[in-house]
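Chemist: Sequence:
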Amino acid sequence: MNDEERLREIVLALDDLADLASDHIILVEGLKDARALRALGIEGTVFQIQGVGPLKAAEHVAENGGKAVVLTDWDRKGGILASELEEQLSALGAGFDMTVRAKLSTLSKKYVKDVESLDSLVARLSSANALDSLR
Numbered sequence: 004m005n006d007e008e009r010l011r012e013i014v015l016a017l018d019d020l021a022d023l024a025s026d027h028i029i030l031v032e033g034l035k036d037a038r039a040l041r042a043l044g045i046e047g048t049v050f051q052i053q054g055v056g057p058l059k060a061a062e063h064v065a066e067n068g069g070k071a072v073v074l075t076d077w078d079r080k081g082g083i084l085a086s087e088l089e090e091q092l093s094a095l096g097a098g099f100d101m102t103v104r105a106k107l108s109t110l111s112k113k114y115v116k117d118v119e120s121l122d123s124l125v126a127r128l129s130s131a132n133a134l135d136s137l138r
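In terms of this note's numbering, the sequence shown opens at residue 4 and continues consecutively.
Some hints here could point you the wrong way.
Capping the alpha-carbon separation at 35 Å, the derived lysine-lysine pairs in DSBU-like fashion look like this [said to hold, decoys possible]: (1) K116 x K106; (2) K70 x K35; (3) K116 x K35.
Here are the simulated distance ranges between beta carbons [to be verified]: (4) S129 x G56: 20 to 28 Å; (5) Y114 x S86: 35 to 43 Å; (6) K113 x R41: 23 to 31 Å; (7) E7 x K59: 38 to 46 Å.
I should point out that these hints are in silico values taken from the structure, not numbers from a laboratory.
The beta-carbon is built from N, C-alpha and C at its ideal position, and this holds for glycine as well.
Model the full structure from these sequences, guided by the hints.
Modeler: This is the structure in structure tokens:
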């Protein structure tokens, strides 16, 4: 997959996230992740797990609409946290989506390992594609 195709697929995954954000709470690890999503134009409720933990995050989802997008980093720690969130959300009967995380992880793992770097990755791939089109 070349960078242009990778960028196109990342943008499609972000479009999916934006659609889900209308009625799902996006669960991220920390403030920098939330800021990166805002920089990418993702609206909706973003809940930071850092400081409260997966149980409180799952309870927040269950009490406020009952659907979440789990968007933790794709490093080891983020994977463990995603599993814990999946377990807690399931136990509380809350709906959740893990597909956007899986897509973004697959598409960007070679370049970045976390949500907070997505905006810079999109910018970098976009500028590379703009330069290619000038050649």
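Chemist: Hint by hint, note whether the structure agrees.
Modeler: Outcome of the hint check:
| no. | hint | verdict |
| --- | --- | --- |
| 1 | K116 x K106 | 13 Å, holds |
| 2 | K70 x K35 | 22 Å, holds |
| 3 | K116 x K35 | 13 Å, holds |
| 4 | S129 x G56: 20 to 28 Å | 35 Å, violated |
| 5 | Y114 x S86: 35 to 43 Å | 24 Å, violated |
| 6 | K113 x R41: 23 to 31 Å | 25 Å, holds |
| 7 | E7 x K59: 38 to 46 Å | 41 Å, holds |
In this structure, the earlier hints numbered 4, 5 are contradicted, and the remaining ones agree with it.
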